[in-house]
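**Q** Start from the sequences and build out the full structure, keeping to the hints where you can.
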Amino acid sequence: METFFPQFLQQLINGLSLGAIYALIAIGYTMVYGIIGMINFAHGEIYMIGAYVGLVTLTAIGTAAGYPPWLLVVAALAIAIMVTSTYGWAVERCAYRSLRGSPRLVPLISAIGMSIFFQNYVVILHSSRDLSVPELITGRLFSMDMGGFEVSMSNSRALILIVTVVLMVAVTLFIRHARMGRACRACSQDIRMAGLLGIDVNKVISFTFILGALLAAIGGVLIGLSISKINPFIGFLAGIKAFTAAVLGGIGSVPGAMLGGALLGLVETFASAFLPTEYKDMVSFGLLIVILLIRPSGLLGRPEVEKV
Amino acid sequence: MRETTKTKILKDAFIAAAVTAVLTFPMVGMRLNVESTGLVLHKNFLWPTVAVLVVFLARLVLPFVLIPKVSVPAAWTQKAVDYKKWWLGAFVVLALVWPFTPLGSGAMVTAMTMAMIYILLALGLNIVVGYAGLLDLGHAAFYAIGAYTYALLNLHFGLGFWEALPLAGLSAGLFSILLGFPILRLRGDYLAIVTLGFGEIVRITLNNWDSLTHGPDGINNISKPTLLGYEITRRSRVEDGTTLWQALGIDYNHIYQQLVLYFIAFLLVVVAAFLISRLVKMPVGRAWEALREDEIACRSLALNPTIIKLTAFSLGCMFAGFAGAFYAAFLGSVTPASFEFIESAIILSIVVLGGMGSQRGVILAALALTLLPEFARGFAEYRMLIFGAVMVLMMVWRPQGLWPASRRRVELPS
Amino acid sequence: MSGDAAEAVAKNAAESAPILSVGRLQMRFGGLVAVDGITFDVADKEIYAIIGPNGAGKTTVFNCISGFYKPTAGDIVFDGINIAGRSSHDIAGRGIVRTFQNVRLFRNMTVVENLLVAQHTQLKTGLLHGLLNTRAYQRSEKEALERAAFWLDKVSLREVANREAGNLSYGQQRRLEIARCMITRPQLLMLDEPAAGLNPQETVALDQLIRDLRDTCSVSVLLIEHDMSLVMEISDRILVMEYGQPIAEGTPEKVRNDPNVIRAYLGSE
Amino acid sequence: MKMKKTVVAAALTAAMVLIGGSALAQGTIKVAVASAITGPVAQYGDMHRAGVHLAVEQANAEGGALGKKIEIVEMDDACEPKQSPAVANRVVSDKIKFVLGHVCSGSFKPAAQIYNENDIVMVSSSATSDDLSTYGYKTFFRTIGKDSQQGPAAAEYIVSKAKPKKLAIVHDKQTYGQGVATQVRNTVEKKGLKPVMFEAINKGDTDYSALITKMKRAGVDFVYYGGYHPELIILLKQAHDQNLGARWMGPEGAAVSDVKGDSAEGLLVTLPPDFSKEPANAKIVEAFKAKRQDPSGVFVMTSYAAAQVLIDAIKGAQSEDPKKVADYMHKNRFKTVLGDVEFTPEGDWATARFDIFVWHKDASKTLAP
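Protein chains in written order, with the working numbering: chain A, 1 to 308; chain B, 1001 to 1414; chain C, 2001 to 2269; chain D, 3001 to 3369.
None of these hints come from the bench; they were simulated from the model. Any given hint could be a false lead.
Mimicking EDC-like on lysine to aspartate or glutamate, the simulated pairs with C-alpha atoms at most 20 Å apart in a straight line are [claimed, not checked]:
hint : chain 1 : residue 1 : chain 2 : residue 2
1    : D       : K3095     : B       : D1251
2    : B       : K1224     : D       : E3117
3    : A       : K229      : D       : E3117
4    : A       : K229      : B       : E1411
5    : D       : K3323     : B       : D1251
6    : C       : K2142     : B       : E1411
7    : B       : K1281     : C       : E2164
8    : B       : K1281     : C       : E2141
9    : D       : K3289     : B       : E1411
10   : D       : K3203     : B       : E1035
11   : A       : K229      : D       : E3265
12   : D       : K3166     : A       : D190
**A** Now the structure itself:
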């Protein structure tokens, strides 16, 4: 059994780095839900668009042009952030703003429509084929030989983990201390009252979508580089998994998104480690249904009392 | 025009144009393409520049031109007179006659048969989403359960379509109660996500459970429905069986089989539409709508919300089961690939486009969305794009849908 | 209602068995105790009012009785059964109906449909009956319509019968909500600030309507109201609450002169 | 009850006669090309159409068949089962007697039933699922090996040449992938090599690191993957990241230009012999290059051959009657770019041969030792 612990450690690393991917996307869901109580169904597609803009930038610059890989990654990130945040803003402006007062079903269906629209928008532009992303981040951060079993973590995975942790801390601090952060918290408590107290609710909501899109863009580029393959449909599955993470952690709470992401990543990894791998998705969907039934407010979320 | 408003409009126009540029130049203008030499970027900035100009001019002109609020005059939709079911009659006559007009080509009959299947699915989902207000994103799961129930009964027990049809509806209804009971107390968007999760679980189970469902290969050679006891295929599957055509003494033509399938689908739709229109007028139908309007008020009037939701959910899923059984017979083979989330999204968009809680609207929308691609073949590529866009536009401009139901008028006894 | 007549009604009300009796009701949300030690009972055909400043916990008591909140302590006995903690539709089925502070009608359904839904539990709701359009089904639907017509006349809403509930005036909506409660043949009608937002004539009409309901339909009324003139005028007995605690109970006369009540409302010198 | 039946029957007959068939198309022999123009595996459709179009153009240049030009009618089922009956019904109602396609096994099955019923000759150059030839369709043919022919070839190589200590078999749970993976497992087990793992992954998933770690723990040194290239690319990369150090092998669905980079170096692939290298096909390879199409694409040559066989069969049978053409195809051997093609009674290519190639990081391939 001497290889059990190293293998367990390797699976732990796999789980955490997968969890980081989910957390990065989950924060977009959590912030939007926390503030206007709506599941932004199109958020998975915003992540996908981030990946595509990153790839377009890389292809435009051309990997053979002799720039150092890290510069290319930074350039891809910068442009992806700029463009995808605009998409995030545009989604809110066109599809959700005018539906704010309407019954809960209406904005959700509009979000589903937006998600289908973006998927096919990219299919028409870049075809539905799998496009390979140049491998810019290669090599391994570390690899330890533990009793004949090599535990290692690739640089691209390590980068995602580090970036996610840094972003999470930054966003949590921002929400707690910055002026706009306070406004976000006020809106999430009671958006009508916040409006009455002079907070420009539209600006806060737009900001939330932009921030969510920004994080999704970073996720899109980094994950694209790590998996080295993107297609117009990666947003759908990643979106559902990220939403599961957000709900697991407690929808509406930013640290919850991170905890939920890490937990879901670990659960999926160990599920495919000990069960046949094909049941991995079943486990995560099962987990989602169980959480929503037992504790819809999730681990760190605040339970919502139904006001009569 | 004070100086400030003019510059403000100009500023707005520039911002809008800039935003459009950021949105379109990197994505629309630069298209990735796989070529033998690898990934290549096709730069063509025509459309993005057009888009930017259009937006810029629109923002300039917009403030001056007051676009009349496009809304159909209330009187027209909310017609006060209580007309008998003219729309159901018109739909029946049209659906019976058109195959014999020059339009009735093989491809059109097949497309119409698929449209009938989608109408059946949408009518079922309309009970769940339209009347009871429960957003179900996993309707394709019950569509699949119905299809696989018939396929398996046909494969293992040799049951024909007509014997298996009620069982398919029953099994879909049963599964919906099994799922429904725990999840129906969830609030709107949580319920949506749980049903979506359930839909994916059903699809993955069908794909992985090789011993029962033959996994990805699916089940093939499913027998077609029989008409008046005769088989409608060219050669009977049973040695001495006589086909309908031999009985009628006419030689086989493929379009005959398609027509029979089309009429069976149409029959299912008419029965479903009639049943549902009765259900909606009954107390249970009123309870659905009341639940959609205000669950708390319902509870305060002694209506048990769980029971009402369960009836709506199980009936809706039962119709999806019937549609699934017919789809299996129509296609002759069933694989998990036909029941992905996109099917649930299509059925939902039909209900939404038609007008939630409006049978005639749903039928109109189903016909429109399944037949449009037939007319414009090139359009097929943009079909899903337009689907998504239409769902958004409908919610923004006309949440009540294309042809909303009008409230029934009741004569009060003096 | 002169003072002594009120006294007489209140006295005999106490003797006849109370249809509702609430004992030491307590409702706690996490650390906050919203309601504590509330005890009162409502006799048959009595109009019992609960008054108190905003945030006194009046609506919380209502929600506990009607089953929307599960009280953390105390019991609520109705018709001899402890209904504390039962589901709200179960309690409603036993004959306790309520209105809401902000009117909760089925806005997109017509006035008549609102009244038909309210009779759901009494109608033939079997699927087969309806589908086969059996005679029993038709008879029950016709009866339902007749009862609806009766109640529409009673609250004078017949001319808007086919209009959507959402399009009615505020006063009309209030009356429809009361009619919708009464059509279920309740034993106890709970009114949550029925006079809120009504003009003086409408309040007088409401006063007559409540008395008429009590007298003709033998229903007891449990009332939350801020309009003191209406409360003092119509109630047999009154419970005054402040910060979730009962501070006085008795006939309108007794309560009006009670020093605690005066302090609570007008503030001590 | 008897009376009612005849009345309904009479009405039905009258209705049928009204429709009647449309006039027979003169001048050209219509051939439907049921391809995958849209959908996730569109690039297999591109190869399919490239092969077919070139073959038909060259045949028409030499006078077509029976003095008539071959007219291609392109149709798209996007590899979706739901869309294939619509395509099949269009073929039937347009009175087309010959079909080159469908591309994917999954979407071919519903259509095959309809073609079989209407005696329409169907020649697929990419659907390899075994059960297609088990339904006794007399007009079904394919110019590509089926899974059970491709599986053993790979298994043979694994057992005799690769001789792995610990073999793992993974597939993508799709008709094609699971089919060929199962064939490989059955054959290696028959030859006494028990795989330590036989598992499926989910199509569209992007993280297989847990599976790679499981293989590393099991000490796997050889992995056979059944499925298309998108998932294989990720598996190879993540195995490379975790330094699994195992040799990988895949079916012809994995041999696509996207598979490149050092994680793809040394990948073994079973492929029909690379006919673009055959000297006899030099002229045809030039023609492809002239149209900027890659002749080495896995389904290009098989599609070219499918068109060749069909046209030669029409010429050989001297008639457009599909039954005669099908008969001719069953009885004769055909000279094609794939070499000699002969069909079994079930319509499979009897002598389909698969060679083993080594894939390189620049997406080139060389014959395995």
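**Q** Each hint: holds or not?
**A** For each hint, the structure was consulted:
1. K3095(D) <-> D1251(B): holds (16 Å)
2. K1224(B) <-> E3117(D): Roughly 13 Å separates the two Cα atoms, so the pair holds.
3. K229(A) <-> E3117(D): With Cα atoms ~42 Å apart, K229(A) and E3117(D) exceed 20 Å; violated.
4. K229(A) <-> E1411(B): Given that 20 Å is the threshold and the Cα spacing comes to 65 Å, the pair is violated.
5. K3323(D) <-> D1251(B): Roughly 18 Å between the alpha carbons, so the hint for K3323(D) and D1251(B) holds.
6. K2142(C) <-> E1411(B): holds (11 Å)
7. K1281(B) <-> E2164(C): Roughly 16 Å between the alpha carbons, so the hint for K1281(B) and E2164(C) holds.
8. K1281(B) <-> E2141(C): Distance of about 10 Å is within 20 Å: holds.
9. K3289(D) <-> E1411(B): Cα-Cα ~79 Å, so violated.
10. K3203(D) <-> E1035(B): Distance of about 24 Å is beyond 20 Å: violated.
11. K229(A) <-> E3265(D): Since the Cα atoms of K229(A) and E3265(D) sit roughly 17 Å apart, the hinted pair holds (cutoff 20 Å).
12. K3166(D) <-> D190(A): With Cα atoms ~61 Å apart, K3166(D) and D190(A) exceed 20 Å; violated.
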